[in-house]
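Asks: Place chain P on chain D using the hints.
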Amino acid sequence: MKKMKLSVLLAMFALVIGVLAACGGNAGGEQSEEDNSGNSNSGGETSESSIVVSGSSAMQPLVAAAAEKYKEENPDADIQVNAGGSGAGLSQVQEGSVAIGNSDVFAEEKEGIDADAIVDHKVAVVGMTAAINPEVGVDNLTKQQLKDIFTGKITNWSEVGGADEEITLVNRPDSSGTRATFVKFGLDGETPAEGVTEDSSNTVKQIVADTPGAIGYLALSYFDDDSVTKASIDGVEPTDETIGSGEFPIWAYQHSYTNGDAEGLAKEFLDYMLSEEVQTTIVPEQGYVPMTAMEVERDAEGNQTDK
Amino acid sequence: MAKATVNTSAEDRLILTNKNRRWDEVRGRSLVTICAIIMIAATISVTVFLAQKGLQSFTVNNINPIAYLTSTNWNPVGSGEASYGIFPFIFGSLAVTFLSALVAAPLGIGAAIFMSEISPRFGKKVLQPVIELLVGIPSVVYGFIGLVVLVPLVRDNLPGIGFSLFAGVVVLTVMILPTVTTIATDAMRSLPDSLRQGSMALGATRWQTIRKVLIPAALPSLLTAIVLGMARAFGEALAVQMVIGNSRDIPETIFDTSATLTTIVTLNIGHTTYGSIENNTLWSMGLILLVISFLFIFIVRYLSGRRKV
Numbered sequence: 001m002k003k004m005k006l007s008v009l010l011a012m013f014a015l016v017i018g019v020l021a022a023c024g025g026n027a028g029g030e031q032s033e034e035d036n037s038g039n040s041n042s043g044g045e046t047s048e049s050s051i052v053v054s055g056s057s058a059m060q061p062l063v064a065a066a067a068e069k070y071k072e073e074n075p076d077a078d079i080q081v082n083a084g085g086s087g088a089g090l091s092q093v094q095e096g097s098v099a100i101g102n103s104d105v106f107a108e109e110k111e112g113i114d115a116d117a118i119v120d121h122k123v124a125v126v127g128m129t130a131a132i133n134p135e136v137g138v139d140n141l142t143k144q145q146l147k148d149i150f151t152g153k154i155t156n157w158s159e160v161g162g163a164d165e166e167i168t169l170v171n172r173p174d175s176s177g178t179r180a181t182f183v184k185f186g187l188d189g190e191t192p193a194e195g196v197t198e199d200s201s202n203t204v205k206q207i208v209a210d211t212p213g214a215i216g217y218l219a220l221s222y223f224d225d226d227s228v229t230k231a232s233i234d235g236v237e238p239t240d241e242t243i244g245s246g247e248f249p250i251w252a253y254q255h256s257y258t259n260g261d262a263e264g265l266a267k268e269f270l271d272y273m274l275s276e277e278v279q280t281t282i283v284p285e286q287g288y289v290p291m292t293a294m295e296v297e298r299d300a301e302g303n304q305t306d307k
Numbered sequence: 001m002a003k004a005t006v007n008t009s010a011e012d013r014l015i016l017t018n019k020n021r022r023w024d025e026v027r028g029r030s031l032v033t034i035c036a037i038i039m040i041a042a043t044i045s046v047t048v049f050l051a052q053k054g055l056q057s058f059t060v061n062n063i064n065p066i067a068y069l070t071s072t073n074w075n076p077v078g079s080g081e082a083s084y085g086i087f088p089f090i091f092g093s094l095a096v097t098f099l100s101a102l103v104a105a106p107l108g109i110g111a112a113i114f115m116s117e118i119s120p121r122f123g124k125k126v127l128q129p130v131i132e133l134l135v136g137i138p139s140v141v142y143g144f145i146g147l148v149v150l151v152p153l154v155r156d157n158l159p160g161i162g163f164s165l166f167a168g169v170v171v172l173t174v175m176i177l178p179t180v181t182t183i184a185t186d187a188m189r190s191l192p193d194s195l196r197q198g199s200m201a202l203g204a205t206r207w208q209t210i211r212k213v214l215i216p217a218a219l220p221s222l223l224t225a226i227v228l229g230m231a232r233a234f235g236e237a238l239a240v241q242m243v244i245g246n247s248r249d250i251p252e253t254i255f256d257t258s259a260t261l262t263t264i265v266t267l268n269i270g271h272t273t274y275g276s277i278e279n280n281t282l283w284s285m286g287l288i289l290l291v292i293s294f295l296f297i298f299i300v301r302y303l304s305g306r307r308k309v
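In order, the protein sequence lines correspond to chains D and P.
In this text, residue positions in the first sequence follow the working numbering: the first is 1, and each later residue adds one.
In this text, residue positions in the second sequence follow the working numbering: the first is 1, and each later residue adds one.
Excised from the complex, chain D in its bound form (with noise of 0.2 Å):
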């Protein structure tokens, strides 16, 4: 009976050491990997006819149809597409695991990755504005009320020309990219006082539309219904024409990110994705603005210019 006591604990204890050695050697593992970047990765994954894609669950609807298209025409070809949210899709790509890592956000506006050592395409661009209750009658905002509203200073609708109704402010988690955009280019920076926050478009939409006063902020293909109000901004309609000409100011780039250059079937993935068959179909049917209507540019500091 002692013997066995003991033979159980020596196998515990190898087992925890084993644990422990795995753990570091993971961590060294990361470190190495951000040395050689791209060397070993992404030449190992896309030798291969299948790809992973990962991050951005906002772009994965658009990437997962355009797979699917892509797929049809090319049967041998497989590609996964999964959504875990921007910051999992950088991370992921930066270490090697997935081919293309998805991200609202440029990475360098991300802690924690090497924006030199991966490689941004641009595959599309989303707008956003902001979503009012249809309640309250406003469908126009100037960019001051916008920031007044969202900070707090205004907290009746009856102060912009609405109904005499509380605000609600639907906000998004802190490091959503979503979120991170609105603030950038809607709020110049402000940082939005305190509501319901929610992570899902979907649920931000609901919410905005059951609840008497709310506003929040969705992406332009969210704004499929009447259910809720699309605001306009200091007189400026959001639409593909506007945001392409940089009239209105709240969108963003969808990057979808490589480990060194793209190759193998993650290049043609890419390319496919930027082909004139796509930017003119999938894309405006997902509700982005293809990339070949946008007339203006914009870098990581998000410094507007003309093309």
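FYI, nobody ran anything at the bench for these hints, they're computed from the structure.
Positions of the beta carbon are idealized from the N, C-alpha and C atoms, including for glycine.
Do not rely on the hints blindly, as some may be mistaken.
Some residues of chain P that are not near chain D, with every Cβ distance over 10 Å (derived) [claimed, not checked]:
id, residue
1, Trp-74
2, Gly-85
3, Leu-102
4, Leu-107
5, Leu-147
6, Leu-219
7, Tyr-274
8, Ile-299
9, Leu-303
Example chain P residues on the side facing chain D (calculated, C-beta under 8 Å, incomplete) [said to hold, decoys possible]:
id, residue
10, Asp-24
11, Phe-58
12, Thr-59
13, Asn-61
14, Pro-152
15, Leu-153
16, Pro-159
17, Gly-235
18, Gly-245
19, Asn-246
20, Thr-257
21, Thr-273
22, Gly-275
23, Ser-276
Replies: Leaving out everything else, chain P in the frame of chain D:
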């Protein structure tokens, strides 16, 4: 008759295995030992991993642990200086946990007494299946019902905007009720009949028996039922996230929006990059969840140790 057949077949089996008894012993013992080792190893590795990840925000990012736990300012990416204070979320987690236990405990124990003492047959035939059904409903369904039914109901009839600590408590109460009821029922049923008979023989009524004899005798197990319910409430994320509002301020009333550790982790983890400060602070929240869960387990162990019957 039925008993006899069972007995013979059991005897047959024993005789059959008699030949290679020693080998069988060894095999059986190693099989269950391996199971035990896997369980223990899984627990230890999760703990070690979480501790290693969770402590990084203090060791690598140099966040002051005291400030992390006590500050009420959570501002990881906003304008101005970043600050990481998670006290509002700890407060929110504990508030929903204790408040829902406060409601679920009397309800669950009441139902358990009904099932074991008042109407065992109806309890077994109707109430028990109904409760087991409640356990089987996925938490996202509870959350969704909360979002489309409960929140508008609260908004129209009570102060606030509907999304509130109160809505979170209601959803959690429904979710932990089956846990509390099931364990409490088992506790009541496992009481020896001699207690009931003795009490009756002394002339006590059924209600007196329940109140003065059975409940005190089952008390440690009933408390275990409540603590296990609380542990479940504490760890629930999805359903709560959909109704609580997830704001970063400490709620002033029960009808204000609030957030819990779990909801902040689930909302943010996908957006953050591995190894960043934000990501590490979320891992630290996971570590705190684990530590508090361990506390719940210790309380359960302590209570079970005190069991008298």
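Asks: Can the hint on Leu-153(P) be confirmed by a CB-to-CB distance to chain D that is less than 8 Å?
Replies: 12 Å, violated
Asks: Does Leu-107(P) really sit off the interface, with its C-beta more than 10 Å from all C-beta atoms of chain D?
Replies: 29 Å, holds
Asks: For the restraint on Thr-257(P), tell me whether the closest CB of chain D is nearer than 8 Å.
Replies: Holds, because the Cβ-Cβ distance from Thr-257(P) to chain D comes to roughly 6 Å (cut-off 8 Å).
Asks: Is Gly-85(P) truly not at the interface, in the sense that its beta carbon sits beyond 10 Å from all beta carbons of chain D?
Replies: 13 Å, holds
Asks: Next item in the hint list is Gly-245(P). Is there a CB on chain D closer than 8 Å to its CB?
Replies: 5 Å, holds
Asks: Holds or violated: is the Cβ of Leu-147(P) farther than 10 Å from all Cβ atoms of chain D?
Replies: Violated, because the least Cβ-Cβ distance between Leu-147(P) and chain D comes to about 7 Å, which does not exceed 10 Å.
Asks: Could you let me know if the closest chain D CB is still more than 10 Å away from the CB of Leu-303(P)?
Replies: 27 Å, holds
Asks: Given Asn-61(P) was flagged as interface, is its beta-carbon under 8 Å from a beta-carbon of chain D?
Replies: 10 Å, violated
Asks: Would the hint on Gly-235(P) stand, with a C-beta cut-off of 8 Å toward chain D?
Replies: 19 Å, violated
Asks: At a threshold of 8 Å, is the proposed contact between Ser-276(P) and chain D supported by beta-carbon distances?
Replies: 4 Å, holds
Asks: Tell me if the interface restraint on Thr-59(P) is satisfied: Cβ within less than 8 Å of some Cβ in chain D.
Replies: 12 Å, violated
Asks: Over 10 Å from every CB of chain D: does Leu-102(P) meet that, or does the non-interface label fail?
Replies: Leu-102(P) is indeed farther than 10 Å from all Cβ atoms of chain D, at 25 Å.
When the structure is compared with the earlier hints, violations turn up for hints 1, 5, 7, 10, 11, 12, 13, 15, 16, 17 and for no others.
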